[in-house]
Amino acid sequence: MEKVWINKGNPRQVIEKDDVHYFYFPVELGIGKIRILGVEIPLPLPIKFPDYEPIKLFKLNGKTQVASRFHYQILTYFNYPKIVRNRAIVDFTLGSHSPYVHSEDNSRLGTKIAMERLGAVEAQFARLLILICQEIVSGRKKIKIESLNNYDVERGEIPDEAMFELRKCHSVIWVGTFPEKRDTPAEVWHVLKS
Amino acid sequence: MTLDKLLLKYKPSEEDVQETTTRKSLVGKWTSYRKRSSLTDSKFRIIPEDDRFDYVRKRSFKSFVREYHDFALQTETPKILLDKDRFFERQGGYHWEIVLTIPRKLVDLHRISQNTEFLVKKICEENYAYLIPEIDRLKHLDDESALRLASTIEQSFNISKLEVDDPFQKRIFEDLQWGMIEIKKILYCIIDKENVEKARNKLTKTVDDLESKMLALEEIKKAFGRLGIDEKTALKEFAVRKLPDGRVELVWKKSG
Chain A
1 MEKVWINKGN
11 PRQVIEKDDV
21 HYFYFPVELG
31 IGKIRILGVE
41 IPLPLPIKFP
51 DYEPIKLFKL
61 NGKTQVASRF
71 HYQILTYFNY
81 PKIVRNRAIV
91 DFTLGSHSPY
101 VHSEDNSRLG
111 TKIAMERLGA
121 VEAQFARLLI
131 LICQEIVSGR
141 KKIKIESLNN
151 YDVERGEIPD
161 EAMFELRKCH
171 SVIWVGTFPE
181 KRDTPAEVWH
191 VLKS
Chain C
1 MTLDKLLLKY
11 KPSEEDVQET
21 TTRKSLVGKW
31 TSYRKRSSLT
41 DSKFRIIPED
51 DRFDYVRKRS
61 FKSFVREYHD
71 FALQTETPKI
81 LLDKDRFFER
91 QGGYHWEIVL
101 TIPRKLVDLH
111 RISQNTEFLV
121 KKICEENYAY
131 LIPEIDRLKH
141 LDDESALRLA
151 STIEQSFNIS
161 KLEVDDPFQK
171 RIFEDLQWGM
181 IEIKKILYCI
191 IDKENVEKAR
201 NKLTKTVDDL
211 ESKMLALEEI
221 KKAFGRLGID
231 EKTALKEFAV
241 RKLPDGRVEL
251 VWKKSG
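Residue numbers (my numbering), protein chains in the order written: chain A, 1 to 194; chain C, 1 to 256.
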């Protein structure tokens, strides 16, 4: 599979399997609490060991498109990515490492969310992610391209539960152009229309 | 109409009565008549729900009797709403008369109403820093008080869920409401003295889990602030519609 540029984030390892690049982070951080002498203190605590963030590239009608996921259930679909030197650019956010693909300036944004399948915390995270995307596509928040980092790809195994299977996603967040069937990969269209 | 006495009338015929039971509980006094040949209906509890008192107060005695189905009857089986037709069907034709005498100190309508209203305000503001200590109190209150508080909080989540337009908020409140329903179920077990020790451990764990969830929600909410996002304003920029497949579609309006 073709590579992307990493702008922010420092994955420990990148593993290619079934045409997907899995960016491996040893720990995903979340909010937990510890109790010391009866006092509960909120702390960023590891919530998942390890964390695999997938990136899958599609080439359709000569254009590059990128798919990833958020919290294993929500497909993130970037169909109008900014291309620099033939590659899309990805940021891995701090903590949850959810990939964000840099998109062209006049990008659009939309979602289809199966609310009843999200827990309270997941719904709050999804809202945060959507609003961050909105800030970026509206131009209110600028994301700078600081450095375009390459990476080495290794062959390896991915735990079954971490495999990127689009059919397991019940919701989708798209950034770019309004998805039309003729411009959308079949497996992404299936999630959009299911 | 006084609030002190509520009458739900299902009077059995004399020859059918095998046993009359009158009991006092914190929610009031009730009398039940067990129908001859039945041994299954001896255990039930009536839990008056806070807002329902307000509802009853507005009605005359006569019309109140017609509204009995607004009360919840707790039996060994899951909660059954007192709907006249269903009631007879579910209970296999038992008849009983229940007189609830509600101590005024327990039905402080004004306070309860204010509590709910205040809690709804805090919930809609997503003020988890306020809500977490309230939930934590459930571990330390006596069982009946904890149940009343849990009912008030659960009801407040229910109202808040209906109050807000943001579909994410709706879902968050709904999920938290389910957490409160779970806590109420455990409290019912404790009050009924069913596996009390196990139920108490489960209560502590469930309350802790709910607190952790709220803590996480609070931390994510702080992230909105740190990123300079006003979620209420930001979401107004989205066209929201419910899709036939049950999903919610949000499309950024400025997308054209």
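Errors might be hidden in some of the hints.
What the hints assert, rightly or not - For the chain A half of the interface with chain C, some residues (derived, Cβ under 10 Å), not all of them:
(1) T64
(2) R108
(3) G119
As the list claims (entries may be wrong) - The calculated lysine-lysine pairs, modelled on DSS-like cross-linking and capped at a C-alpha distance of 30 Å, are:
(4) K63(A) to K253(C)
(5) K193(C) to K142(A)
(6) K144(A) to K254(C)
(7) K168(A) to K184(C)
Hints listed in this document are in silico derivations from the structure and should not be mistaken for laboratory results.
The beta carbon of each residue, even a glycine, is placed where N, CA and C say it ideally should be.
Taking the hints in turn, this is what the structure says about them:
Checking T64(A) against chain C by beta carbon gives a least distance of about 21 Å; that is not within 10 Å, so the hint is violated. At a threshold of 10 Å, the smallest CB-CB gap from R108(A) to chain C is about 4 Å, leaving the interface hint in force. With a least beta-carbon distance of about 5 Å to chain C, the hint placing G119(A) at the interface is held under the 10 Å criterion. At most 30 Å may separate the alpha-carbon atoms for a hinted pair to count; K63(A) and K253(C) meet this at roughly 25 Å.
The hinted pair formed by K193(C) and K142(A) fails the criterion: a straight-line CA distance of about 59 Å is larger than 30 Å. Of the supplied pair hints, the one linking K144(A) and K254(C) holds, its CA atoms being roughly 22 Å apart against a limit of 30 Å. Between K168(A) and K184(C), the direct Cα distance comes to roughly 33 Å. Violation of the 30 Å bound is thereby established for this hinted pair.
Hint compliance for this structure: hints 1, 5 and 7 are not met, and every other hint is.
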